[in-house]
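The two chains are supplied separately, each in an independent frame; assemble them into the complex guided by the hints.
Residue strings, one per chain:
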Amino acid sequence: MQLNADVPNNDTTAPAPGRWLSGQRHLAGAALNLAVGLGLAGGFLLIWQAWLLARVVNAAVVEGTPLDSLWHWLWPLLGVFALRAVVAWASEQVAFRAAAQVKLALRDRLYRHLQALGPVYLHGERSGELSSLLVDGVEKLEAYYARFLPHMAITALVPLAILAFVFPLDWVSGLVMLLTAPLIPLFMILIGKGAERLNQKQWRQLARMSAHFLDVIQGLTTLKLFNASRREAQVIAAVSDAHRKSTMAVLRVAFLSSLVLEFFSTVSIAVVAVLIGFRLLFGEMAFFQGFFVLLLAPEFYLPLRQMGTHYHARMEAIASAERLIEVLETPTPKPPATPVAPPAAGPFAITFDAVAFDYPGGRRALAGTSFHIAAGETVALVGPSGSGKSTTINLLLGFLQPGSGQVRVDGIDLTYMERDAWLRHVAWVPQRPRLFHGSVRDNIRLGRPEAGHDEVERAARLAQAHGFITQLPQGYDTPVGEGGQGLSGGQVQRIALARAFLKDAPLVVLDEPTASLDAESEALVQAALERLAEGRTLLVVAHRLATVRKADRILVLDEGRVVQDGDHDALMAAGGLYARLTAAYRGTEVQP
Amino acid sequence: MKDLLRLARLVIPYWKPMALGVLIAFATLVANVGLMAVSGWFIAAMALAGLAGVTMNYFSPAALIRTFAIVRTVGRYGERLVTHEATFRLLSGLRVWFYEHLEPLAPARLQQYRSGDLLSRIRADIDTLDNLYLRILVPVAVALLGAVAVGVFLAWYHPSLALVNLAFLTIAGVVVPFVLQRLGRRPGRALVETNASLQAGAVDALQGMSELLVYGAGERQAVQIRRASGELIAAQAQMSRLSGLAQASLGLGANLTAWTMALVAIPLLGSGVLERPELAMVVLFALASFEVVMPLPQAFQMLGQTLGAARRIFEIVDARPQAPDPAAASPVPSHHGIALQDVTFSYGPGAPPALQGITLEVASGRRVAVVGATGSGKSTLLNLLLRFWDPQDGRILFGDHDLRSYRGDDLRRHFAVVSQATHLFTSTLRENLRVANPLASEAALAAALDVAQLHDFVASQPDGLDTWVGEAGLRLSGGQARRVAIARALLKDAPVLLLDEPTEGLDAETERQLMRALFRLMEGRSVLLITHRLVGLEAMDEILLLDRGRIVERGTHVELLAAGGLYAGMHARLHD
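Taken in sequence, the protein lines are chains A and B. Mapped onto this note's numbering, the consecutive letters of the first sequence carry residue numbers 1 to 592. Mapped onto this note's numbering, the consecutive letters of the second sequence carry residue numbers 1 to 576.
Where hints are given, some of them may not hold.
Stated by the list, open to error - Listed below are several chain B residues computed to face chain A (Cβ distance under 7 Å; list not exhaustive):
#, residue
1, LYS2
2, GLU103
3, ALA217
4, VAL317
To be verified - Here's a subset of chain A near chain B, in silico, CB distances under 10 Å, partners left out:
#, residue
5, ALA85
6, VAL135
7, VAL274
8, TYR416
9, ASP420
10, GLY481
11, ALA528
Simulated from the structure, these hints should not be mistaken for lab results. Here a beta-carbon is modelled for each residue, glycine too, at the ideal position from N, C-alpha and C.
The shape of chain B in the complex, shown without the other chains (with noise of 0.2 Å):
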């Protein structure tokens, strides 16, 4: 219930056509009531008329039943057309809301969602969400108003009539849609997670295709396509079930109402109360008044799916940050140096520390390294710096204010990262390099390439910057694509420069005139560079050798050396 009343209030902004799309509703509702109700009893008093030999004033309803004939019409296609429109603006603007609560979640809070399941939450439950605008809450609003309509139109002949007429709709209109509200839950949470878990399983297969052909698990991974795909049928099933018991059983209520209209009309016959063609109208406004509640069942039984739907989007929306952003405005940094003092983090209560009681310093221009092995805690230490996640002891410092005093957005403004995971965008390679700054000048891009080492590669290709890369463009290599993040890196031109293990995976040659562009990149920057390679650690100011999240060797290269200890063994293996 709170989550329905909490999608209601989404709705709130775009309450007026909402409100118009009602009333248009309406209209069409009693056009195609009263057109039903009126040619019956056209037919009926032109029978009774032409048996008595008389004749009878037959322009008036023929101009009832041409009005109503066209109020109908067009009133549904003005409905359909103004509440639509509304209920995908609505939508469309869920997203961009949507979105806006998944960015800062990124990545810490993220890490345990597969980005399949992330996608069928943007996409398919938003759209999912339809069913509440345009099925629930426009006709539960247009069932009231013809409810009542309905009794008043009947109890002017006889209350009796009202009644019956009312009762009927009562159980067709909320006994049947409770019922089926009660059991449509179960298999329309099933629906959306059977969903959910296929459009994840197919990235899984997709994304991961030839490890799963190498390692023979094709078959079993198109049997588990298979099988999701059945559970979603199954779930399917059991909503189509109750959406034909629902069709049934209106189409039952409808029948039984003019059933029993008719007998309890027959005997008002005659008596004043009724005159006889009006049963022929009775009955006909009987069955067509079902109209009023003919959406519903179907729509509440959806309820729980859009509920499901629902909750997926709210929990996204509710998670709080793992850094969440101070109130206050960011500190403006009297310099651009990190200081790290006695910081001890772990990623979450029982695992072990990924950092234990660092401090190191940076100062402003200077050039530090970190080297250690992998699960030592390096990259731990780039998440903490970027405020991805905030140490659970100790403090960081940048430019003498506690990181914690500075809006994510703000902080990051002062660090550019070339890190081994570089996202490529599917959109041309001049988007991609804007990325870094949408007001980069041609001049500053072709400056950054130049920098970069890219300006050659650009230049071969046909289509230069406007190149399309990405999942469906151009594939770069490893190299290439590590060059992009530099050029991405000197567009954004921040004092600090975090570079994350940026030769990993390159091959030596490529690493080499990589690093000659990193050491352009370093000019005037403060630098961290976290690496496991010893390559370029001559240029550094101060080597930090870090194992299982503590510090255990610290100097420069030289003085490394001449200590002899793991860092002067490590070099010795690579130069013996």
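This is chain A alone, in the form it adopts within the complex (with noise of 0.2 Å):
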């Protein structure tokens, strides 16, 4: 079996996709040789009937045998045509089944990799392509493992099986199959490398239109308040239009690979024919000989002409294959050797000690910040624009590792604990946070999926999201999908409140909890998040007075540093950033 036909690649650093391609063979199971077996089965009953066919027609046009005289020939026709039938229906089953098991686990195993990489990866990443990869780049692998792979195996068994009846009966015939089948795979390689190069810039093409089309329909209602959406139509057909001429000219050479290998194999077929004729003309040889020969020499041929064509599926999946390996050799981070439990009980301490990150690229996003967070403290985490105050978040959720320094739980360092289950005692309402395509009432279950109907409405009158909530058409049962359509920010918000309110975690991060909320309502929610402090360790980004008020102590990030730490009253008393921001909240320096 010549299955590992694939070139090995310079790079060292990344598996060849052809191999890894080859590697992931095994989680096809069993079926993928069933279908090679399937196919050489097939290839046996081809030469049976071909023989029987040859009989026919000799009895008939040589000897001019009666119709008949023939039917012990006729009848077992049949029978071959009726298993050929059943084989063809098989090997189809067996060669999906073989794909659709390498899909299924490979997807999954993507996704799975994706979530370990975590959300500040796909940030940096565009999610559209990303999307897309999930879905049609894992599908584009179909071909490999449903044709490609039977397929090589069939074409290396079943022209040998061919030859194997065609020697001993006419060795002139056997010799030119034997010398001509090499020259086609070796044409079809050699054309086969520029293909797929260009295959992968197609593929990288796909991937950019798609994003490209998410982007615009995603900011279609920006664009329309410019009334640049009309122009954008030219966009649209420059980025199809690019899409189709990389794809033409990936078909071309497909096109141009299968008219070299047609006209090979025609040529190879019409010089067994005229090698046949002659002898024939001659009486060098009997007609059924001739006629089996050439009956079987179209489908001698057929194998390695149709190599093409798999050979294309090959290319197309190797070219998505890459951005897959790409994706799964980015490691993840290293989970805890040893992993600690989280402390069994809240609420927790929370300590930052020296921390510094810097994002790839440079950029100081932490520059050595310390601070310590008392068990059941409520702090407030003020600062402009770029202080630091989302790397904060994102390194207490574990969502990034600090480049030197700890960051610990009740003395315990984060990173010898799994996210996971560290992230069980944390609730988190981001800046904005996302609807999950579903009802109101699965968004607020997110966390505690089998929560009643009770905890959820009680949930919901905590964020003070109950009232608009039974207001909607369906109540709780109303769906919602992506970006909250149909929902004000500040609905989404109160929304996204109930979740952290519904998970009851021992540790409460809330960035910017009463944002789009009007002074009412921030006072109400305000009210909510005192009852939900209680006992629970809250630490907010704040940028509402009302909310730092009421905090036990705030801290103030500025560049990446913690540069005043206390409660409103010593933080207004000592001027400074406190200061300067709060005035500036009141709105007492702004005049036109």
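If you want it as structure tokens, here you go:
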């Protein structure tokens, strides 16, 4: 079996896509071998059929045998036909199964890997491109496992079987076949090299097109505001035209290679036919042998000819596998070797000890930040944009690991805890919460899908969300989607707060919890937050005075450092950044 | 059927290359069948001549074989090239056509769709349509021509041969595809739907990953993705069973035809109807003739999938915009003032009214603020002014003309909007600014950056205005993104400025700086500021307090404070 037809890649860091694809074969289980077995069985049936057919034609043409005396060949032919149909059907099923198992397993692995890489990685990548990798990229592997792999084996086996029958009958034709056969894959590989490069370009083009379309769709309202949405039609035209061109470039090579293959096999069959013809004419050969070999000749070259098509399928899979490998080979944050369980019960004390963090590219986000939050304390984190608040949160949530220094929970270094185990004790409301496809209820129950209606409603009431939810057309069962369309920013925020209330975690992290709430609701939510803070540690990234003033303590971040630490009155008295921020908040300095 | 005709009509502009493709394909088909038939006859004739010890003219059949072989190989190449090129041009055109219908629907009609779903319509669904053109339209045309050629050729020998061959071709080319199409309809639709739902699930999962992880829903989402993936594969499995069936029945059909033709032809041998070598020809001709119908069953099996995709495309194309453009040209506004007269609006039948009996005026060059809590109807006001929706009751006037008499584009030309939801495109900063005005000069860009206080930030970037931003680029902070919005508004230079929570979610220091930039922007423009923050309201000519869709207080900052109502209460809480 010639399954490892892959050219080794010079790149030493990542596995060669061909070898990698071949390495995932075990995921298909026995189905692949069964597909090859069925293919071979089909080959033998084909030879048998040609033999019977040649017998019938030989008897009728050469010997003038009447129909009545041919039934002992004609009846078995019907049986062979039926068997071939069954084998053809079964091959398709088995090959599909092989690919399906690989696709299922790889898609699952890819998604879990992305999950392990975490949200910070996804931010840097285009989510449109990655989601198309997850769906279409994995889909593209199908042809490799369902067609290319079984076919490579069949390509090697069936022509050999045919040769085994042809040689004893007619060694001349056998020799022609044997000599011409290797030329076909040779030419194919020569052409395939160029096509492979084109194919990778094509895949990138497709990914770029997806990302562009997603960008436009998500920004359509913005485009519309600037009357730019009609203009965008031209860009769409240009992008899809570029896609057409690169697709055609790939196809042209593919068509050309099948042209070459077809040409060679046609010429080879012609040579076989001519040699047979003249030997027949000169009486050096019996018609039966000649006709039998002639029937088999196209079947001998057929799998070789189809190699072009299947090789093309392999290239498509390879291009997509490259991206898959790239993502799958991105190392995930190492889970601790001997994980330490998070403290059994909250509230937790949190310590940042000289934590520094640089983003790739060198941007310094935190420069040796140290602070301590006592168990059960409510601490507000304030600071201008870019002061390192988001990084602090990402470190605390375990989405980032400190470059140096430690983040400790009740004295335990966070890097010794498994991320998911730690997150079980944390509730989080981000700046722009996301609502997932499902009902309002499902969204509130995100952290506790088993929660009953009473609990959901209680959480919603605490988050000041119950009122508007009951006014929705289907109440708690109202479907909501991506971006919380149909709900205002404040309503989405309150559903996210309800999530946090329902989760009932000992550590709560809130990023601007009162954003887009008016002063009145802000007061109500504030009261709710105070209730939430009872018996819990609460870290609030806040810009709102009302939130900040109720905090036990305020940490003021500036350029990745804690520059002030104290309660509202103390910090106001001290002057400095906090006092400036507060003054700005009250609007006293804003004058037209 | 209606959908099918509609799809077929879309191909009309491309009929010439398509027709050329059909002709080349037909020539290829004739060459291929001819090659097999002549070769069979040639071998048999040579054998008989050899047995009889006579010689024969082998030059003409050999020349025929050569010609057929060349036409066959070159023809297939040419046909593929021509039809694929035409089809991809068509698809590219369809994408633009789809987008042009999608665009007027935003945002009102598109709320119910997930962007991942829309993405799969404009990309995957349109790609699926190639099936119709490459695998249905062209092959059906070729099959019709081919069947006629087969019939004529065989009838020339004996009508019964033609009848048998055509009967089998009809079964394989009409009955089998019809049955498969019926069987394939449901899995085909399921295939499109499961693919879209997996796609949408993937976007949801990847963009919302932080929350999924914190709420321990990562595993559940993984299971859900796996289930969606499994559903897609189940739909594919059904399709695969059918295509296995198609393949098996075609092979069986071809063999049975050859077999039956042999039964019919053998008694005819030597009777003067058929020469003996012609039996080999007939048998091989019958086998090869199946190429006429070979692509059909598979194509019709995919018809369900194709039509499913087509329906999803037509669903968008046929949707009427919420606020349709008038047929007549837009009026020219006599001034840049806005007036709402007793406007009432709700988002759908049964939905509670978002605005009730709103009357307000923003005279040319005046500044009006609408203050209210979340859900009080502030954003709705903006949606109505931009004519994303039309009110059910009352009138909105701009420059003394009803908003309904303006085409959406013409109306929005007069408005610049700074809102909390500013989409940054994955592109350079320059391109993101030029969204507002593609012709903006470098000087204009620099001036806008200056007013929006983005100048220093841009200067600090190594690539300056060519810094890549958006999802795949530099992530701007909330304040910076808002400044981009302000710069865009400046570049647009429209007479009316609509500010929707322009400082939402920003820290106080940033907010203060941003307000300064905004005041520069307000100069000489009619301004409607929508906010819940009591910042900068002293500078407004009028303040309206909105509560649950109604205006409950109105006056200037000073008047409202003096009145001691809700507004005064809000203000007091801020400054206690």
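Each hint tested on the structure:
Interface hint at B/LYS2: violated, since its Cβ lies 26 Å from the closest Cβ of chain A, which is beyond the 7 Å cut-off. Hint on B/GLU103 holds. Least Cβ distance to chain A is approximately 5 Å, under the 7 Å limit. Annotation: B/ALA217 was flagged as interfacial toward chain A, and the flag holds, the nearest CB pair being 5 Å apart, inside 7 Å. Given hint, B/VAL317 at the interface with chain A, is violated; its Cβ is 14 Å from that chain's nearest Cβ, farther than 7 Å.
Checking A/ALA85 against chain B by beta carbon gives a least distance of about 4 Å; that is within 10 Å, so the hint holds. A least Cβ separation of about 5 Å between A/VAL135 and chain B falls short of the 10 Å threshold, and the interface hint therefore holds. Hint status for A/VAL274 relative to chain B: holds, with the closest Cβ pair at about 8 Å, below 10 Å. Annotation: interface hint on A/TYR416 violated; nearest CB of chain B at approximately 19 Å, more than 10 Å.
Checking A/ASP420 against chain B: minimum C-beta separation of about 7 Å stays under 10 Å; hint holds. Given hint, A/GLY481 at the interface with chain B, holds; its Cβ is 5 Å from that chain's nearest Cβ, closer than 10 Å. Against a cut-off of 10 Å between C-beta atoms, the interface hint on A/ALA528 is violated, since the closest Cβ of chain B lies about 15 Å away.
Checked against the numbered hints above, the structure breaks hints 1, 4, 8 and 11 and satisfies the rest.
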